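Chemist: Sequence:
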Amino acid sequence: MLVSSNTVDKDSIHLRMHNQLRTHHRTMMASLSKLVLSAQSAHDDQRILLECNELMSTAKHFVSTCQELAIPLVPVDPQFNQVKEDEANAPTQHHTNNNRYSLQLNLAENLETMGASIQDSAETITKYVSSWMGGDKNSLVVLLFTHFRNLSNQTGLFLAYLDETDFSSVLDQSEMKDLKQGKQALSDALGLLFIKLQAMTDEHLPDFDLHLKDIRESAAALFGPIEMICASVLYLATKNKSRNNSSASGILLSKKLVGAEQQKKESIIAEEEEIEEEPAIKEEGLEVKEEGQEERVAPLERHQSEVVQSVSQKQVPPSIQRSQTTPSSDKIKKFFGDDAPVEAVSTKAPVSERPDFLQYDYGPNDIVFNMEGNVKGGTLPALVERLTMHDYFDMNFVNTFLLTYRSFCTSMELLDLLEARYNLKCPEGLTEEEATIWEEKKLKLVRLRVFNVLKNWLELYYNDDDSVLLDRLMEFTEKHIKSTLKFSNGQLESLIQKRKEGVAVDNVGLKKMVLTLPDPPEPILPKNRKKIKLMDIDILEMARQLTIMDFKLYSSIRPIECLDKAWSREDDTIASNIRASIEYCNQITSWVSDVILSQQDMKKRSVMIKYWVQVAEVLMKKMKNVCIILTLLQKCRMLNNFNTCMAILSAFDNSSVGRLKRTWEAVGARTNQVLQQIRKLMGANRNFTEYRALIHSVNPPCIPFLGIYLQDLTFIEDGNSNELKKNKELINFAKRAKTAEVIREIQQYQSSLYQLKPVEEIQDFIKSHLLSTRDEEQLYNESLKIEPREREDEKITRLLQESGFL
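My numbering puts the first residue of the sequence shown at 186, with every later residue one more than the last.
Derived from the structure by calculation, the hints contain no laboratory data. All values derive from a computational prediction rather than experimental measurement. Any given hint might turn out to be false.
Computed Cβ-Cβ distance ranges for the label pairs, DEER-style [claimed, not checked]:
| id | residue 1 | residue 2 | range |
| --- | --- | --- | --- |
| 1 | 660 | 372 | 34 to 42 Å |
| 2 | 231 | 388 | 39 to 47 Å |
| 3 | 754 | 641 | 22 to 30 Å |
| 4 | 653 | 205 | 48 to 56 Å |
| 5 | 683 | 715 | 36 to 44 Å |
| 6 | 881 | 386 | 44 to 52 Å |
Every residue gets a Cβ at the ideal spot worked out from N, C-alpha and C, and that includes glycine.
With these hints in hand, go ahead and build the complete structure from the sequences.
Modeler: Set out below in structure tokens:
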């Protein structure tokens with residue numbers, strides 16, 4: 186149901202446009218989550234039955250709301266990709282080619298560090314709930330959801346590492362079952378915590394204090410699964426290392442035995458020394474100790490002793506932390522309303538200063554936040570630090586930054602700052618214990634963030650202009666990342682090499698549901714494909730081929746082309762795809778005008794129009810008195826091709842065709858009525874209000890009218906300065922966030938492909954005519970020949986003659 190109505194994602198177009206539908210969707214998903222949790226944990230059949238009925242009721246409300254809003258449905262047959270048994274048990278080399286993370290002790294250590302960070306975030310939620318002494322509930326809710334967003338992002342990244350890890354060599358270990366149970370339990374606990382937090386938004390919550398207790402318990406439920414996961418991964422990594430060592434030893438022995446006796450002795454001695462250098466492994470407790478080093482305390486064990494301490498070392502999101510430094514009751518009232526009490530500030534837990542070595546490296550004046558807690562502006566180093574922050578992970582900020590950073594810095598500058606972040610130096614004057622805490626709580630997490638940023642950049646945000654950086658990035662990867670994040674298994678190196686060779690890069694981390702789509706319709710071919718005439722092309726097929734050509738241009742547009750009005754610069758290489766799309770629309774407009782003006786005699790033009798009315802009656806629900814061009818326009822509308830639709834509409838409204846009053850009178854009232862409806866739909870009234878509502882309600886595939894996005898980007902660029910007005914040294918990141926929103930909307934329609942078959946002969950015919958149309962001046966002169974200007978008395982005389990009175 187959700188797939189068919191395009192409402193699987195909470196950011197679906199329909200859910201964003203309709204508040205009522207979004208409310209029912211949220212309620213339904215919450216009911217589904219509760220039912221799943223109850224079915225997995227509860228033994229009370231009556232409770233499960235009640236929650237089944239609740240889910241059924243919410244689903245009915247959702248469906249009825251969809252029907253009222255006329256949400257379109259598409260026939261789909263969703264199927265999940267099943268991993269075949271031979272693939273699952275394939276040797277490690279098979280997965281190495283897919284660049285999965287290697288199961289190593291280094292991976293286990295980093296997962297423990299990430300797990301401790303998640304537990305820190307969960308503990309922060311617990312502390313804020315425990316310290317709430319009454320007051321404004323809204324401020325507490327906003328604060329908790331801010332922390333939950335960070336917790337959720339961290340957990341998602343933590344689970345993503347597990348999903349991309351190669352466990353093929355240890356699938357037979359019983360701990361794999363513990364790992365799967367831990368992952369499921371972590372997901373369940375996070376979902377339950379979200380449900381409990383979501384219930385706090387209910388104004389009529391019966392017992393608020395009791396509900397806060399449930400939230401504390403839900404947050405505490407995250408600790409166990411994380412510890413189970415980390416312990417399982419550590420055990421599996423240890424087993425995997427032991428197995429590899431045994432295998433390597435066996436291979437070495439078999440090779441050395443072939444040599445002379447002295448070679449045997451030397452090889453055995455060398456082999457024993459090599460084995461002695463490997464970590465001594467204890468089966469009990471999974472403790473790993475390297476020779477010459479002190480025993481390392483696992484981050485999770487150290488975390489358990491630290492959480493008992495005061496909340497002084499618990500992280501507060503940067504935006505919240507700033508507000509605590511300079512609290513303002515005026516800002517709180519502005520955000521929560523006039524009814525917000527002054528005590529709202531005191532609802533936050535008394536957070537004391539963290540150790541200096543765990544503070545942020547940027548200064549208090551280097552970054553500014555808005556009332557919603559989002560970054561408003563900052564210096565470039567501060568923005569890059571937030572991009573790779575050790576204790577706060579903002580996925581939306583990361584995506585916005587990578588989409589738009591080229592508007593305020595170069596890729597070289599970004600790489601310089603990322604390398605500096607990766608190689609952070611330990612602050613001077615720290616004790617050995619403090620240095621260890623700094624490494625575990627800051628350095629390791631920063632390095633993981635930098636690694637992810639570089640990986641995402643190479644997969645999703647790389648441009649050909651960045652090729653000059655690849656050699657340097659490869660050197661940095663081999664020199665620094667390879668030795669510190671050994672489990673990465675050459676992922677960055679492989680991506681860099683593919684970019685060097687110009688090979689397409691698939692985003693292995695992006696999971697998509699595979700839909701079984703119907704086969705594309707067979708094209709309607711003209712009888713004579715060697716010598717095609719316009720009247721020989723079926724009008725539906727003409728609309729299909731125009732859509733295929735238009736979508737090819739639209740789907741090629743890159744984010745960098747949308748920055749700084751690149752399409753309007755003299756350098757035509759930056760926004761070549763946007764320019765090509767604009768040129769295509771202009772050519773369509775000229776061609777349509779040329780087609781209309783090619784008929785010298787009005788009666789012949791009428792014959793052509795009436796001929797296509799018969800075609801329209803068969804193809805378009807028997808709509809009468811619609812000319813060929815208008816029928817084509819309607820077909821483009823049916824295909825959700827608004828870009829070509831607007832190009833054709835522009836042909837009717839230009840001066841050459843629009844002035845042909847006699848021709849339009851001959852077309853008929855019905856045709857003009859249809860055209861008026863389309864003009865109303867695509868009209869610029871109130872900033873294209875009707876069109877924007879329509880585009881947000883259709884199901885992809887779709888080609889939006891590109892001109893509106895370019896208009897929005899122009900308004901954002903011209904209406905906002907590149908730096909903050911109050912501090913010219915701070916980059917105006919709020920401006921980039923607005924630009925990123927437009928780019929994301931452009932991108933969301935690029936991924937859904939049209940199921941249409943191209944017809945090369947028809948496309949060649951279209952292209953040849955697009956390139957051979959007359960210019961505006963020639964078309965206007967032709968229009969004057971067809972229908973010369975006439976005075977009012979001449980018009981009256983002509984009408985009388987045509988009616989037979991004279």
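Chemist: Evaluate each hint against the coordinates.
Modeler: We went through each hint and held it up to the structure:
In this structure the hint that residue 660 and residue 372 lie 34 to 42 Å apart at CB holds, the actual value being about 39 Å. In this structure, residue 231 and residue 388 break the distance hint of 39 to 47 Å, their C-beta atoms being roughly 29 Å apart. At roughly 28 Å, the beta-carbon separation of residue 754 and residue 641 lies within the given 22 to 30 Å, and the hint holds. Against the hinted window of 48 to 56 Å, the Cβ-Cβ separation of residue 653 and residue 205 comes to about 52 Å, which satisfies the hint.
As the Cβ distance of residue 683 to residue 715 is approximately 42 Å, the hint placing it in 36 to 44 Å holds. At about 25 Å, the beta-carbon gap between residue 881 and residue 386 misses the expected band of 44 to 52 Å.
The structure fails to meet hints 2 and 6 from the earlier list, while all remaining hints are met.
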